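Keeping the supplied structure of chain R fixed, place chains V, C and X upon it in accordance with the hints.
Protein sequence lines correspond, in order, to chains R, V, C and X. For the first sequence, counting from 1, position 66 maps to 66 in the numbering used here; every step adds exactly one. To get the numbering used here, take the position in the second sequence, counting from 1, and add 398. To get the numbering used here, take the position in the third sequence, counting from 1, and add 554. To get the numbering used here, take the position in the fourth sequence, counting from 1, and add 861.
Any given hint might turn out to be false.
Said to hold, decoys possible - The list that follows gives simulated cross-link-like pairs (lysine-lysine, DSS-like), each with its CA atoms no further than 30 Å apart: (1) V:Lys406 / V:Lys444; (2) C:Lys587 / R:Lys23; (3) R:Lys23 / C:Lys609; (4) X:Lys930 / X:Lys898; (5) X:Lys898 / X:Lys922; (6) X:Lys931 / X:Lys980; (7) X:Lys873 / C:Lys599; (8) V:Lys541 / V:Lys475; (9) R:Lys230 / V:Lys541; (10) X:Lys873 / V:Lys541; (11) X:Lys980 / X:Lys928; (12) R:Lys248 / V:Lys541; (13) X:Lys898 / X:Lys931; (14) X:Lys985 / X:Lys898; (15) X:Lys873 / X:Lys863; (16) X:Lys863 / C:Lys587; (17) X:Lys873 / R:Lys288; (18) X:Lys878 / C:Lys599; (19) X:Lys931 / X:Lys914; (20) X:Lys922 / X:Lys985; (21) X:Lys931 / X:Lys985; (22) R:Lys395 / V:Lys541; (23) V:Lys444 / R:Lys316; (24) V:Lys541 / X:Lys922; (25) R:Lys316 / X:Lys898.
Honestly, the hints are just simulated from the structure, not real lab data. Remember, predicted model here, so these are calculated numbers, not experimental data.
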Amino acid sequence: MMSTINKSRRFTVPIGPQHPALKEPGHFEFVVDGEIVQSASVRLGYGHRGIEKAVESRSWIQNLYLLERICGICSHIHATAYCIGVEQLAGVTVPIRAQVIRTIVAELERIHSHLLWLGVAAHEAGFDTLFMYSWRDRETIMDILETLTGNRVNYSVNILGGVKYDLLPEHNEAIRMGLDFLEERTVHYVDVVTNDSLFLRRTQNIAVMSYEQALIAGVTGPTTRASGVKRDIRLDAPYLAYANYPIKLMIETHGDLEARFVVRLRELLESYQYIRTLLDVLPEGELKTRIPRRIKAGETISRVEAPRGELFYFIKSNGTDIPDRIHIRTPTLANIASVTHLVIGQHLADVPMVLIGIDPCFSCNDRMTVVDNEGSCDVWDGEKLRQYGIEYYQKRST
Amino acid sequence: MTNDILLKLVQEQLTDYVMEWVIPEPNRLDGSLSSEQLLTAATQLKNVDGFYLVAITGIDDGAENNTLEILYHFCIKVMIVTLRVTLDRNQPTVPSLCTIFPYASPYERETGEMFGITFTSTPDTSRLFLPDDWTEGVYPLRKDAQLEGVNDVHDK
Amino acid sequence: MIEFLRTLVILLLFPTGLFLLFNAMIYQWIDRKLVARLQNRVGPKWYQPLADTIKLLANEEVFPEGTNHILFVWLPVVGLAGALTAALYVPILGLSPAYSFSGDLLVTVYLLSLLTLCLGLAGVNTRGQFSMLGATRTLTQLFAYEAPFLLALLGPAVVAGSLQINEIMAYSSQQWLIFTQPIGFVVLLVGLMGKLEIPPFDSPEAETEIVAGALTEYSGRGLALFRLGQWVELVVGLTLVAAFYLGGIHNPLDYVMKTVFSLLFIVTLQTTMTRLRIDQTVGLWWRYGTLLVLVQWLFIYLIEGVS
Amino acid sequence: MKITLMFRDILKSLFGKPATEPFPNPEQIEPERLRGKLHWNPDGCTGCQLCVKDCPSNALKLFVIDKAKKEFVMRYDVGMCTFCSQCIENCRFNCLDMAQDEWALSASSSESFIEFYGKETNVKQLLEASTTDDSE
Chain R
1 MMSTINKSRR FTVPIGPQHP ALKEPGHFEF VVDGEIVQSA SVRLGYGHRG
51 IEKAVESRSW IQNLYLLERI CGICSHIHAT AYCIGVEQLA GVTVPIRAQV
101 IRTIVAELER IHSHLLWLGV AAHEAGFDTL FMYSWRDRET IMDILETLTG
151 NRVNYSVNIL GGVKYDLLPE HNEAIRMGLD FLEERTVHYV DVVTNDSLFL
201 RRTQNIAVMS YEQALIAGVT GPTTRASGVK RDIRLDAPYL AYANYPIKLM
251 IETHGDLEAR FVVRLRELLE SYQYIRTLLD VLPEGELKTR IPRRIKAGET
301 ISRVEAPRGE LFYFIKSNGT DIPDRIHIRT PTLANIASVT HLVIGQHLAD
351 VPMVLIGIDP CFSCNDRMTV VDNEGSCDVW DGEKLRQYGI EYYQKRST
Chain V
399 MTNDILLKLV QEQLTDYVME WVIPEPNRLD GSLSSEQLLT AATQLKNVDG
449 FYLVAITGID DGAENNTLEI LYHFCIKVMI VTLRVTLDRN QPTVPSLCTI
499 FPYASPYERE TGEMFGITFT STPDTSRLFL PDDWTEGVYP LRKDAQLEGV
549 NDVHDK
Chain C
555 MIEFLRTLVI LLLFPTGLFL LFNAMIYQWI DRKLVARLQN RVGPKWYQPL
605 ADTIKLLANE EVFPEGTNHI LFVWLPVVGL AGALTAALYV PILGLSPAYS
655 FSGDLLVTVY LLSLLTLCLG LAGVNTRGQF SMLGATRTLT QLFAYEAPFL
705 LALLGPAVVA GSLQINEIMA YSSQQWLIFT QPIGFVVLLV GLMGKLEIPP
755 FDSPEAETEI VAGALTEYSG RGLALFRLGQ WVELVVGLTL VAAFYLGGIH
805 NPLDYVMKTV FSLLFIVTLQ TTMTRLRIDQ TVGLWWRYGT LLVLVQWLFI
855 YLIEGVS
Chain X
862 MKITLMFRDI LKSLFGKPAT EPFPNPEQIE PERLRGKLHW NPDGCTGCQL
912 CVKDCPSNAL KLFVIDKAKK EFVMRYDVGM CTFCSQCIEN CRFNCLDMAQ
962 DEWALSASSS ESFIEFYGKE TNVKQLLEAS TTDDSE
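Isolated chain R, as found in the complex (with noise of 0.2 Å):
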């Protein structure tokens, strides 16, 4: 088809770190072969903040507000799997109706994860009109998490030992409203996904990985589930209200992207279906307990499923107000290497695609790496700015 091209002379077409098709910062090279991509490579760590190594300086309260800061959009995940490894640690159970408000809000923040996620892979694919409405039905959801919570991302709801925020009855009543107006929206969605033709030129049988591969390539969350592995901690490894009260896995088996879009859709659905039935249930009781400032020393591990797929918090302490290490292991990292394989011998239009297939989030991968620049750090105001200008001009000038 691209016969237009010169053959023999192969193109490295970077993406990223500053790209349209990513939101966040992440380096790939593909060398394309007219169109095809022969290879791939992946660089990360554009949004490197030095977590891993600021939390060994600071006390357990202070990093469950730096660790919700890990990421914009699951913030509240990372809290409560900080919560729940520090709590096991300092051997404190968590009353049930603070457990269950937990829940309640992962799954919400899980909606608007996958709400926003639909948005952004509709984009991908230029179907701009999706993307938007799929961003503003997920104002409802941010609606919801606002009232709940007072803010919109960064919800903060968590605290060791408990909740911050109580459910109220008139709370009760706006996110059933809110999640009937969703699932009415959602199910649309799913029919436009599966079957718009021209939607699904660019999906079906695009990057397919097969069961083995999903093995092998060691994928987890949504993108594993796509291809038929039946790997979700909501259920393998029951946290707060999931041990009580189960969830339903959503399993493609296609593994392409298409279902990609439809279990997370389907994940979606079942989202709105377990709020329901959490509201339900609802227990009284206390929102918080007690936990002391010095954790006890020990090592724990404390896994929940993020949107994303299996986050994996390692814990230690040394039995001071400090924790000794904590490591962090994003769904991303275990998701993003599999990309370098999948796109090979693809469309480099379907490229954005694929990436956003797995649901990257580079700013819960790049953590890790310390910009120590306190006392150095260069700050510029805007006269600094301008002045800049003006001498860069000059020197264009002349």
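Chains V, C and X alone, transformed into the frame defined by chain R:
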């Protein structure tokens, strides 16, 4: 198979390789072993019991102990088996798990650059997270890492 | 002297020059506003395209390394000039074209393609990966839609028995060709979308893949002129559609109604469709577009033969 | 072959109101739990410093003027604050509160972010002391 039975089974299977077992939580098993035994133990875990590698954690025990620890976390359902290798801080070397778990590569790259651990025969040793102009020999997650001025991007 | 003044007015003020540029910006705004409203957004204010253009014209022009500066500067000018010249032969606002001669339809069609060619050359000239890929895609797409687009324009010409836009319009004023040649109408409009790289045919400038395609390295004046050229082409194309298929244009109101109707059609397709990959675009045009138009031609000949 | 499946949506939008909300939106009501600017009420404060200790971003500082008389001055840096409300959770005497309606807090200079709470005379005294410190 319940957790206890499986964990007991794992314990029996790996008894030749593992020096010491700890059971910190009911669903966890933590075994220390030497770096020579790591590959065989990991192969056993994957092929016989179907565990998958979930993360590789590095821990710095501090300059006074002069050791680094590297933890391999294997999971299946709710069970977690951790294999722990204690390394010499001056020359930390472990075999790469990439032949058994191909997806271990990014984890090993991460741990390698953060702790200065050498993974023998790992396919890719290029930097994953650290900047290209990061000073050689500075491993940021070691406790005694000298980070003042290492990465002052603004001054460059 | 009078003749010279008339030419000057035609070229600089009406119908090409300033009036056409302004008209093009208004149509661009209608397009953007409609897309926004269909996507449940507010959309820009009416002067947004004008503001964009002024801002771009004021911007610094950056020359990428390794480019031929003369080509870099003049390609946008030639492209815009082509589009503006094409407007001389079409009945803007329903007034008779400024210039008219037998065969001006073909000249118009080729003048319209000039912009696309300039775009492709500009992309190759700037030598960036994205520009190069964008240029390749632009030219590939040109070869895909050009044939059906031309055939769809020639359909009315055949029944009218003339290649002069004026005469074809006179013929189509008597009967609305949209009813006798519906396929031609659809192919012409969709072909226009392909020409203007409007979604779903925007793979040559797909922002999520190749940033801005051939125009990636363009900023400031060059970008403004290319964009203006595309907007002018939209107006010319819509005028041709209205003149040929929608029963001709009789007065300015008629013109606005018919062109905006066609634009609404384009916008609806634009908002409800996913971007096609370049191989899918080519496949669509050669497999369906051309074939359909040929079927249309077969009918025309059969009917002509019978009558 | 189904195309234009979103047709119904766009038709609805064409004749409906846009979903975009203007900014600033006069009709907007702040959610009840919105965490805005922090306010400190000196009554009841015992100077336990728990709010300062657990602040993840070191936005708070409590100066003790006179411990016996319970006179304190709180220095609050809005620019540093992450609005997590941990300080409110920590305060056992309900001295801290986050304003629901003060959320549009941007400013063009960092000086205007710093807020001193406490008795006016105490604040003055503190500020004077700090300027003489600087000049030395």
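field: Hints that the structure is at odds with (numbers, increasing)
entry: 8, 9, 10, 12, 17, 22 and 25
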